[in-house]
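Protein chains: 2
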Amino acid sequence: MAGKKVLIVYAHQEPKSFNGSLLKIAVEELSKQGCSVTVSDLYSMQFEPRATRNDIVGHLHNSEAFNYGVETWEAYKRGGLSKDLVEEQKKVQEADLLIFQFPLFWFNMPAILKGWMDRVLVQGFAYDLSKVYDGGLLQDKLSLFSFTTGGSKEKYAIRGDIRYLLWPMQHGIMHFCGVKVLEPHICYAPENVSEEKRKEMLAAWSQRLKTLWKEEPTDCSPEWYFK
Amino acid sequence: MAGKKVLIVYAHQEPKSFNGSLLKIAVEELSKQGCSVTVSDLYSMQFEPRATRNDIVGHLHNSEAFNYGVETWEAYKRGGLSKDLVEEQKKVQEADLLIFQFPLFWFNMPAILKGWMDRVLVQGFAYDLSKVYDGGLLQDKLSLFSFTTGGSKEKYAIRGDIRYLLWPMQHGIMHFCGVKVLEPHICYAPENVSEEKRKEMLAAWSQRLKTLWKEEPTDCSPEWYFK
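Protein sequences appear in the order of chains A and B. So the first sequence is numbered by UniProt numbering: it starts at 1 and just counts up by one. So the second sequence is numbered by UniProt numbering: it starts at 1 and just counts up by one.
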């Protein structure tokens, strides 16, 4: 889809890793389609995951007792967030699609990516008082969690499905901000399979990306997850 | 329970916060019981959440392609993990009870605490090839997730229960390492309730700690979570 803007938030230390290959494929395939692709390579950027007072430039709203949520909200309103956050927010604002590429660490995203969520998606920017879920501030955007696991598919399945593990990320973060969620793309245990199987997994990702823009978002409601 | 050792891993920036008060109460009450209490105050330690090559002292097992899981496992075996990790592992090793005290960020723990999980609980130390779940390496320890939320209880309930949100933390991390899990302690929306209600919440935590050692661990099986 020529003209579409994609932000890939990438959290792996090693370009030669399987995650690195998945990233490369996404950049190539989406660029070939005429999309404009931006990558936030968190480790190489040495992205700061810690939510601290340093995220606020200048004075605090209440310097007596530091409250990160209140301070970043106030700072956002007056244009006083730190430069690295403003840059990430700009990338998010411009994107039609957010792809998160990472290895699953402890049933969840690595801390560096969790830090991106904690620090970039502040109140005022991503959601507001009653502007959450379908009313969230980042509507008309799509998201896709693409990740690798250490264990086999069966290891993560509850009643045959990994969806329960996706709930906090897909519903609790993306849906909360109004972002629509495409089917996750999961490569199970690439370190424990044959080279041939790994190639198949890479080819499948490339293939999926060719028709990605035709996909319908998933139903991100509690009812779907916990039916 | 005199003589018991407790490690509190604490993730809040502000000592005057409600989380700070909960920490203070736990330290006071458990010390009063004769427990030996250690606190890892992650923000004040400027704890590093990023999983990088810096966690390995000296040579890498495979310097051609960095694999964090493999490298930290190998480094653990030869005593080559970075000093901050060795110190945290020592605290965990000595503890009978781990308490995690934090504000819920995006249906999960803040990145700085997720980074503690990612970096401290390495293979060889917390689990090993087939030593997971009830066979995990950190058996005979208890854990307790104590956290505050931004929203009301109803906001997190699915079929009337917050347990689905606890699944990745309690089952995916603690149970995976063989650590038993006590009932979580959740203070809902302390910022949005009256001063009187806040005092009640603090008193309830203090009260619970008085009989904590008599509590039975919860059933951390998928069957219990997703019945």
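Any given hint could be a false lead.
When chains are identical, the list treats them as one kind, so a pair holds in a single copy or across two.
Said to hold, decoys possible - Distance condition first, Cα-Cα at most 25 Å in a straight line; then the derived DMTMM-like pairs of lysine to aspartate or glutamate:
no. : residue 1 : residue 2
1   : Lys16     : Glu64
2   : Lys5      : Glu200
3   : Lys180    : Asp140
4   : Lys210    : Glu154
5   : Lys32     : Asp84
Honestly, the hints are just simulated from the structure, not real lab data. Every value quoted in this text rests on a predicted model; they were computed, and no experiment measured them.
>> If the cut is 25 Å between Cα atoms, do Lys16 and Glu64 qualify within a copy, between copies, both or neither?
In response: Between copies, since 9 Å is at most 25 Å while 47 Å is not.
> Given identical chains, is Lys180 near Asp140, meaning Cα to Cα at most 25 Å, within a copy, between copies, both, or neither?
Replying inline: Result: close within a single copy only, 7 Å intra versus 43 Å inter.
> Can you tell me if Lys210 and Glu154 fall within 25 Å by alpha carbon in one copy, between copies, both or neither?
Replying inline: Intra 28 Å, inter 41 Å, cutoff 25 Å: neither.
>> My question is about Lys5 and Glu200: at a cut-off of 25 Å on alpha-carbon distance, are they close within one copy, between copies, both, or neither?
In response: neither (27 Å within a copy, 50 Å between copies)
> Should Lys32 paired with Asp84 be assigned to within, between, both, or neither, using CA atoms and 25 Å as the limit?
Replying inline: neither (29 Å within a copy, 45 Å between copies)
Going down the numbered hints, you'll see the structure goes against 2, 4 and 5, while the others check out.
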